[in-house]
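**Q** Line by line, the protein sequences are chains U and S.
Under this note's numbering, think of the first position of the first sequence as 7, with each following residue one higher.
Under this note's numbering, think of the first position of the second sequence as 86, with each following residue one higher.
Hint data in this document are derived by calculation from the structure and do not stem from the laboratory.
Check each hint, because a few of them may be wrong.
Footprint (simulated), chain S over chain U, 3 or more residues, beta carbon under 8 angstroms [to be verified]:
| hint | region |
| --- | --- |
| 1 | 105-114 |
| 2 | 175-184 |
Calculated Cβ distances over 12 angstroms to all of chain S for the following chain U residues [to be verified]:
| hint | residue |
| --- | --- |
| 3 | Ser57 |
| 4 | Ser64 |
| 5 | His66 |
| 6 | Asn91 |
| 7 | Ala134 |
| 8 | Ala141 |
| 9 | Gly224 |
Only some residues are given here: those of chain S computed to face chain U with a beta carbon under 10 angstroms [as the list claims (entries may be wrong)]:
| hint | residue |
| --- | --- |
| 10 | Arg171 |
| 11 | Asn255 |
| 12 | Val261 |
Being a predicted model, the structure only gives us computed values, none of them experimental.
In this text, a Cβ means the ideal position worked out from N, Cα and C, and glycines have one as well.
The chain contents come next:
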Amino acid sequence: MNAILEVKDLVVRYDAATALDRVSLTVGRGEMVALIGPNGAGKSTLVDALSGIVRPASGHISVRGRFAHVPEGRQLFPDLTVDDNLLLGACRSGDRDPSWIYALLPDLAGIRRRRADSLSGGQQQMVAVGRALMARPEVLAIDELSLGLAPIVVAALSDRLASLHRTEGLAVLLIEQNARLALDLCSRAYVLEAGRIVSEGPSAQLARSAAVANAYLGGGVALGT
Amino acid sequence: MSAFFSYLVGGVALGSGFALIGSGLVMVHCVTRVVNLSQGMYAVVAGLSAATFFGMGAPHGVAELAAIGVAAGVGFLTGLVAMAGRATTPQSSLIITFGLAIFAYAAESLLWGDQPRSFPGLPGAIEVADVRIQKQSLLVIASTAVIFAMLHLFLERTYVGKKLRACSSNPYAARVVGIDVKRMGLLAFGLGGFLGGVAGVLLGPLRPISFDSDLTLVIDGFAAAILGGLARPLMALLGGLLLGVAESMVAGYAKASYQTEVALVLMLAIMVGQRARLATIHAEAS
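Excised from the complex, chain U in its bound form (with noise of 0.2 angstroms):
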């Protein structure tokens, strides 16, 4: 496979505490993978491994094109206005022109001149994941892109982002605790718990395993029905 991003047994660890226990896991170019898992299974500190602000133990990490990252709870700068928090976001591109994320996102254009911290939460969902197109990313990794947020933000959302995938080819690595988002989605998935890979599939053939479905979609309802 032509793989974008390729991850190989890595590991890290708090002190003590494995977060990540050889866990291994692979985007192709253009390709849209999901990562689900419960809370504390390791899923932010992959992402936070493949930004470089985590150290793995050991293991291997491949990024082969330009990533880019959108994190759990948006972490803009809140002080700053939408403007500057995208323009902050193109520090790996240094490509310092946001008008085509305005044409992007269209509600951001209103709100350029707002402080972050003002802003709604799916506002600053927004703003992050414009923030992190600014990087102009091959593959991007987003961090609970529904937490918190109203299903019509989330659903908004999630058409912005299929349709780059479509457009731009954008591969996305969509980390989520919502299950049946990331499956619908993605045409991939990985399981994480407890730091580690428990099962991987194509999407649908893991929403019909009973084990899944269980766990994340609250019983065996099968997918996209």
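Take the given structure of chain U and dock chain S to it, following the hints.
**A** Just chain S, lined up with the frame of chain U:
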């Protein structure tokens, strides 16, 4: 009445110097969370360097700028040492900056001796409504106004300034977007050195500087900076001016040797006041 205005202008000039040192503390603290106890040293290094450059025959302007450059370099080096380890906490860095300030005593007295040094500033005075004002005091006030305006524009309008604000606002997010937080920390230390250096060359002609002047300068700078909770450079300006005027009035109407005590009492009062305000906010929130 003319004495009052004379003390007022003198106090504003003195307070401008405190504000510059205080804003250096704020810059470093915002970006790195380190309380830089060697901030007073930059003013001393700049003041003593300027005296040396004048001694070597350097003209006005050149001597001051070179001395500020030396202070900025020393600031950068302080940052390099204080943040050398990958896992150095801000608390450890604080201790390191304290150690560096002590080390600087030895280095400065070796290089410049232990006698206070001064150098010429802008000579002469002007009279406004029977009040005699030293031109150097006006130069200090005008220069500080220009420096603070430039600092504001730098932080608000330039990309590097926005990166510094990003590190201050959310260091984790700064790393996520690819900002080199450590490099920004070093830049903040360099900026702190620059601001301290400006204070040193401006205050040098008004009050002689010796190797141990840094203690009073850092106390005054800290008192100025905590008015804005070590987080806002413009509040450090206000704090510095308040403190300078208070010290000048005390020196004029009471006793000059009470100046440091005024700074300490003001600092304590502000900290107690802020603590009480925080407690009220927490109580209301819960």
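**Q** With reference to the structure, classify each hint as holding or not holding.
**A** Here's how the hints hold up against the structure:
1. Counting residues of the region 105-114 of chain U whose CB lies closer than 8 angstroms to any CB of chain S gives 0, so the stated coverage by that chain is violated, three being the minimum.
2. Counting residues of the region 175-184 of chain U whose C-beta lies closer than 8 angstroms to any C-beta of chain S gives 0; at least three are required, and the coverage claim is violated.
3. Listed as outside the interface, Ser57 (chain U) is inconsistent with that label: its C-beta sits roughly 6 angstroms from the nearest C-beta of chain S, within the 12 angstroms cut-off.
4. No beta-carbon of chain S is positioned within 12 angstroms of the beta-carbon of Ser64 (chain U); the least distance is around 18 angstroms.
5. Distance check for His66 (chain U) against chain S: the nearest CB is about 21 angstroms away, which clears 12 angstroms, and the non-interface claim stands.
6. Asn91 (chain U), annotated as away from the interface, has a beta carbon of chain S within 12 angstroms; the closest lies near 9 angstroms.
7. Listed as a non-interface residue, Ala134 (chain U) fails to keep its Cβ farther than 12 angstroms from every Cβ of chain S; the least gap is roughly 9 angstroms.
8. Distance to chain S contradicts Ala141 (chain U) as a non-interface residue, since its nearest Cβ pair spans about 7 angstroms, not more than 12 angstroms.
9. Distance to chain S confirms Gly224 (chain U) as a non-interface residue, since its nearest Cβ pair spans about 32 angstroms, more than 12 angstroms.
10. At its closest, the beta carbon of Arg171 (chain S) sits 9 angstroms from a beta carbon of chain U; the interface hint therefore holds under the 10 angstroms criterion.
11. Residue-level restraint check for Asn255 (chain S) holds (minimum Cβ-Cβ distance to chain U is 5 angstroms; threshold 10 angstroms).
12. For the restraint placing Val261 (chain S) at the interface with chain U, the shortest Cβ-Cβ distance is roughly 5 angstroms, inside the 10 angstroms limit, so the hint holds.
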